[in-house]
Amino acid sequence: MEKAAVISRENHRLGCRLLRAKSKVDSHNPWHRSLSVTMSDPTDDLVRKYSAYMPPPLPQRPVHSPKELLRPIIYFDLALRRGQHLGRICIQLYTEVSPEVVLEFVRLAIDNNVEAHKFPRIFPDLWMEGELLPQSRDALKDHHDHPSPLDARQLKGILSYSWNHRQRFPHGLLLYTISFKTLAVTPLERVIFGRVLRGLRLLEVCREFGTKAGKPRKCIEVVKCGLL
1 MEKAAVISRE
11 NHRLGCRLLR
21 AKSKVDSHNP
31 WHRSLSVTMS
41 DPTDDLVRKY
51 SAYMPPPLPQ
61 RPVHSPKELL
71 RPIIYFDLAL
81 RRGQHLGRIC
91 IQLYTEVSPE
101 VVLEFVRLAI
111 DNNVEAHKFP
121 RIFPDLWMEG
131 ELLPQSRDAL
141 KDHHDHPSPL
151 DARQLKGILS
161 YSWNHRQRFP
171 HGLLLYTISF
181 KTLAVTPLER
191 VIFGRVLRGL
201 RLLEVCREFG
211 TKAGKPRKCI
221 EVVKCGLL
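For what it's worth, the UniProt record's numbering labels the leading residue of the sequence shown as 1, then goes sequentially.
Rather than coming from a laboratory, the hints here were simulated on the basis of the structure. Please note that a few of the clues may not be correct.
[Said to hold, decoys possible] Here are the simulated DMTMM-like pairs of lysine to aspartate or glutamate, each with C-alpha atoms no more than 20 Å apart in a straight line:
id, residue 1, residue 2
1, K218, D111
2, K224, E189
3, K156, E189
4, K224, E131
5, K156, E208
6, K49, E100
7, K218, E189
8, K224, D44
9, K156, E204
10, K224, D125
11, K156, D111
12, K118, D44
13, K181, D111
14, K218, E100
15, K215, D111
16, K212, E100
17, K118, D41
18, K224, E115
19, K67, E115
20, K118, E68
21, K212, E115
22, K118, E131
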């Protein structure tokens, strides 16, 4: 789709800048946190503020604390298009950073809606692009809300989207990325809303299917997704 191609080109241009970066780059991002900030537990005030976005209780699922529900964990089972199973990645999402985005990921996970997820481009020296088609065109309005506790300069497997889309995604289509490497830019021009908790080795496998231009050598699909 043309709209996806436009967003992809923006991500590609940003990726090229990140790859060339050798030191600090000041993008005047007021949401950026310093290197001294660690991934601390959410406060009670944060839990209360975002309680409406937390996953609903489900049968046959362990009972989680409110703080765990604020940062839910979903999983993707990945496979090649011809049915070759690759494995599972588990992703922790940060509701306080981007509540509408996290809620949409959780909804799709609960419904096992694999058709809404695509990975159309893979840049092996940077990241893989994910494309999410929300259930409603209005699902992702006013989605960015809070600075992220995650630092992409210290972690791999970071989920993020363009800082330029912090208020609204063009055409309601979310194009996000999962990083293969730490990104040495400060402040990073991304809204960082999640991280891969388990499955970093699988990301390395996915990386091998990428090309310099981004077109995958083999197509990767989500064949199952869910909420842990």
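Q) Honestly, which of those hints from before does the structure not fit? A) 1, 2, 7, 8, 10, 11, 12, 13, 14, 15, 16, 17, 19, 20 and 21
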